[in-house]
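Visitor: We have chain B already, so just place chains S, Z and C on it with the hints.
First to last, the sequence lines map onto chains B, S, Z and C.
Position 53 of the first sequence, counting from 1, maps to 53 under my numbering, and the rest follow consecutively.
Position 57 of the second sequence, counting from 1, maps to 57 under my numbering, and the rest follow consecutively.
Position 67 of the third sequence, counting from 1, maps to 67 under my numbering, and the rest follow consecutively.
Position 27 of the fourth sequence, counting from 1, maps to 27 under my numbering, and the rest follow consecutively.
Hints listed in this document are in silico derivations from the structure and should not be mistaken for laboratory results.
These figures come from a predicted structure and were not determined experimentally.
Not one of these hints is a red herring.
Covered stretches of chain Z (in silico footprint by chain B; criterion: 3 or more residues with CB under 8 angstroms from a CB of chain B, positions within the stretch not fixed): (1) 5 to 14; (2) 35 to 42.
Cβ pair distances, simulated, as ranges: (3) K82(B) / P116(S): 37 to 45 angstroms; (4) K58(C) / M56(S): 39 to 47 angstroms; (5) T42(B) / D77(C): 39 to 47 angstroms; (6) R91(Z) / G14(S): 32 to 40 angstroms; (7) D107(C) / A45(B): 49 to 57 angstroms.
Note that CB positions come from ideal geometry on N, CA and C, so glycine has one too.
4 protein chains.
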Amino acid sequence: MQFRVRYCECDPMGVAHHSVYPIWFEMGRTELLRTTGRDYRTFEAEGIFLAVVSLMVKYKRPARYDDVLTLVTTLDDMGHVKIEHSYELRRGDDLLATAETTLACLDREGRASALPESLRSTSVGGLV
Amino acid sequence: MQFRVRYCECDPMGVAHHSVYPIWFEMGRTELLRTTGRDYRTFEAEGIFLAVVSLMVKYKRPARYDDVLTLVTTLDDMGHVKIEHSYELRRGDDLLATAETTLACLDREGRASALPESLRSTSVGGLV
Amino acid sequence: MQFRVRYCECDPMGVAHHSVYPIWFEMGRTELLRTTGRDYRTFEAEGIFLAVVSLMVKYKRPARYDDVLTLVTTLDDMGHVKIEHSYELRRGDDLLATAETTLACLDREGRASALPESLRSTSVGGLV
Amino acid sequence: MQFRVRYCECDPMGVAHHSVYPIWFEMGRTELLRTTGRDYRTFEAEGIFLAVVSLMVKYKRPARYDDVLTLVTTLDDMGHVKIEHSYELRRGDDLLATAETTLACLDREGRASALPESLRSTSVGGLV
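Excised from the complex, chain B in its bound form (with noise of 0.2 angstroms):
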């Protein structure tokens, strides 16, 4: 996945502000799951929500205003009611963070769930 660093995600160093990027890392997922002819907005729809339990991030260089950044998201693993994906953000072949997310999969009254067979099946793998 590709895309532009916005104006106002920047902040007075002139780099984007570290809580931006989890933002993309769910552009992230939300583009993978699509790639498997799935969308988290249908998961919605019918009750299953993912909710982010943990998160970790390493920033290593910064991104900058207008910088068309590389993001990759990948599926490392899939249990009964967590899913955890692994991230590398890149500008060219400069790495500028890495970062783990693990989601839980809660039902409409916010209790933890099991992953939808459908969403189970999928494969281990990444989306560049």
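Guide: Same frame as chain B, now just chains S, Z and C:
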């Protein structure tokens, strides 16, 4: 209402990004409503939604990181379905911005809906 | 310009929050400028800043998560110091919002400053 | 530090989006620094920048719109170039999230730089 400008609300010019002001105005409306003994969270739980249908902002001077700002929110008019507010954003004696919004009352399906009687009895006025 | 509504741009009503629209309009201006062979990042590096001094938005229909939206940005007028744009935000044939902004050209110290000659020669027009 | 969850910080699940928590943690660091008689704005004016190089968050329970939350920010360790903080976010007695960050001191050009002596003398400790 008084609040501090957050670091991430500022852009590479070192000033608060213009898209943050509508968020502050929304906070002003929330607190103005609270002074009348009600709160917007309860409205939504009852299926009453207030959506912004019109926004007009005049930016006069920039707000900077860590500035303590004062927002004066005034209820200007309340019709059958719509509510009009105006705003003055100040830093000490300096006027930073003025704004006006119109809200419309919607039901759960997003259809225009009469404002609840309890809200219509609110007297027009302001909140510092 | 086309883009998808991000999950975090949506509020508990399930629709894009009204404070996100000015961010999209800024992206429209950025891309409109790029079509003329220049970019805003270079302007800032040269000490030319364009600040929003006036914003007016009419919200007609809500935008939802994962919607693909089309933004038409039009350069309406260019004065000595100020630039006026207008915007139409659509989802397919549906008009979701219209807006107008006025930008002022500032120098590094935030003082009003004449627009650079290279920009003033831009012909008025729009970008889908 | 106490604050209210803003409407626009919440997503279609009706809970605070996970990307907002790092913004709150930054506010916690800002206020912790202020209690020692200094402020981050002055640091930046002097050419001292503190950039987040590592972020780890565990989300345990959701925060909802208009909740009043309490954030406890603790300075855990201060090295030559890096600072480590930890965070506990609570709503009343409920623990909503825990987190850890590492900051690095940078100069205006973004190079690693020794922490200023005035900061290094800060005693390790927390702020409610």
